[in-house]
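Chemist: Letter by letter, the chains look like this.
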Amino acid sequence: MEFEQILFYLFSFWFIASSLAMILSRNTAFSALFLILSFFSAASLWLLLEAEFLAIILILVYVGAVMVLFLFVIKMLDIEDSTLRAKFTGYLPIGLGVAVIVIAEMSLVLGVDQFGLDVVPQPIRHASDYSNITELAMELYTIYVYPFELAAVLLLIAIIAAITLIHRPDKRAKKQSIEEQVNTQAKDRVRLVSIAPYKKKDEQ
Amino acid sequence: MMSLWQSFVELIHELIPWLDGGIATVIIILIKGIALVLPLIIMMAYMTYAERKVIGYMQLRIGPNRVGPIGLLQPFADVIKMMFKEIIFPTKANIYLFLLAPILAFVPAVAIWVVIPLGEGFYITNLDVSLLYVLAIGSVGVYGIIIAGWASNSKYPLLGALRSTALLVSYEIVIGFVIVTVVMVAGSVNLNEIVEGQKGGAWNWYFIPLFPMMIVFWISALTETNRAPFDVVEGESEIVGGTHVEYSGMCFALFFMAEYINMIMMAALAVLLFFGGWHSPFEGLPYLESLFEFVPDLVWLLVKMSFFLFLYLWIRATFPRFRYDQIMRLCWKVFLPLTIIWIFVVALMTQLAIGPWF
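Chains as they are written, first to last, in the numbering used here: chain A, 1 to 204; chain B, 1 to 358.
Just chain A, same shape as in the assembly (with noise of 0.2 Å):
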């Protein structure tokens, strides 16, 4: 066995198994980590695959930010384990139910017919000079210019509709100004009075 195939049935292995690991976990802030980890995997097998463009993005957007995000709402959740516990086998049927339709349709779209060994051809080694992101970049801003940039007004109209429906500042609230604090001076805060000295008589 070549030292590329044990590192791919390792990364494989641990990927499989970390997918496991978090649907099987109760803890919810375990569940997460383990998505982290088998995103680790998946980038590991992409980096074989030598698309390490595409792998370095994964653990950027995914772990970096997605899941930090994640974790931050999964700490500020107070979630009983009992309470989840105990609604799990009135959900059963309808989770077998959508289980089974999901299992079903995943291997139409991703059996042997459509990415078994015969149809897809092997991938093409590349020398080591050969520039992933380059070629990359040449496809999507050429050929799929226009695809691309309708994808990114798409996602800004996603984040202005996100925030226009969740931000209603509340008239109630008190709000600190912070650029008057950060524009304040010295002589805003402290007034000196000059006062001439004197003595009251009584106390002569």
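Source of the hints: derived by calculation from the structure; they are not laboratory data.
By construction, the Cβ of each residue, glycine as well, lies at the ideal position given by its N, Cα and C atoms.
Hints should not be assumed to be uniformly reliable.
Unchecked claim - Looking from chain A toward chain B, a few residues come up when the C-beta cut is under 7 Å (computed):
1. S25
2. L60
3. V63
4. V68
To be verified - Listed next, the in silico DMTMM-like pairs over lysine to aspartate or glutamate satisfying Cα-Cα at most 25 Å (straight line):
5. K75(A) x E236(B)
6. K75(A) x E283(B)
7. K32(B) x E2(A)
8. K175(A) x E238(B)
9. K187(A) x E238(B)
10. K75(A) x E238(B)
11. K333(B) x E2(A)
12. K155(B) x D78(B)
Claimed, not checked - Stretch-level coverage of chain A by chain B, calculated; a stretch enters the list once three of its residues show a Cβ under 8 Å from a Cβ in chain B:
13. 47-57
14. 116-125
15. 167-175
With the hints as your guide, set chain B onto chain A.
Modeler: Here is chain B on its own, set in the frame of chain A:
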């Protein structure tokens, strides 16, 4: 430096000829890694010494001067003390995550150094997307703080973790945009190529066309490494010691080491991105170039890095801590618009081919 590496690699192949290509490569990478990490740890140890000395002199004190001549063995005394301290686990802490957190803080800090070139052809790996790798692995370091805050099951660590992760994630965006401007000027995300683009004297360095970005980068670097005046993770006077409250002994030392290794990394990154990396500032000057010919490229890099490391200590001794909402305002309302504007300025400069940089 290149020839040194080459002869070293040949030596390994001669010593262990029976190994096949794959495993020999792994062994070479491991040895290279150790050769990088050991000096890094020593550098980090003496960074703590330098910090205490420099801040000491700035505050008209002497600093550590009891262990060894002028206190030079102080870092080793600290290491030995840390190693023999008891590690205390809070009763209701989640023990696995509690132990995982310092590891998650320390490992990414070291892993970043894999792609940082220290001289002409002097690196562990020449990854084509090395700058993105630095960003990606750097963002993993946040987990150390998040998990430490959550697993301690204590209120001050949780507060420290919440506010510092929000801060780190925000400033990562700013650093990302600054790096975009550098990439636009250099035309590459490979650190080696970015440094090669700054060849030939100090006027070719990128800090001139990207001057505001250099300052934004440095302030963001202070925040990313949790240094004063933005050290909201610890904030001793506000939340006792932030995420580190429940940690003791070697567990705490790992957080500490991660912070200092990140500081050295940020200094190296600032030099590589804006100050010509390992290139001499006198390249192309008639007399000075030959005068400084003998200086190895690694020394130039270390000299420039030392300046930035000194800047860390200087800033810490000078400024009081920022209030949390003011740091956030600085990030979202000042730095982010500025960096976005500068992306357009750089695009314009590239189109008009201004100066020697484009």
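Chemist: Each hint needs a verdict: does it hold in this structure or not?
Modeler: Now for the hints, and whether the structure bears them out:
1. S25: Result: violated, 11 Å to nearest chain B Cβ.
2. L60: Hint holds; L60(A) Cβ to chain B Cβ min 4 Å, cut 7 Å.
3. V63: Interface hint status for V63(A): holds (6 Å vs cutoff 7 Å).
4. V68: Holds, about 6 Å.
5. K75(A) x E236(B): Holds, at roughly 23 Å.
6. K75(A) x E283(B): At roughly 54 Å apart (the allowed maximum being 25 Å), E283(B) and K75(A) break the hint.
7. K32(B) x E2(A): holds, 23 Å
8. K175(A) x E238(B): holds, 21 Å
9. K187(A) x E238(B): With a Cα-Cα distance of about 29 Å, the restraint between K187(A) and E238(B) is violated, given a limit of 25 Å.
10. K75(A) x E238(B): Distance of about 21 Å is within 25 Å: holds.
11. K333(B) x E2(A): violated, 53 Å
12. K155(B) x D78(B): violated, 28 Å
13. 47-57: holds (count 4)
14. 116-125: Violated, because only 0 residues of the segment 116-125 of chain A bring their Cβ atoms closer than 8 Å to Cβ atoms of chain B.
15. 167-175: violated (count 0)
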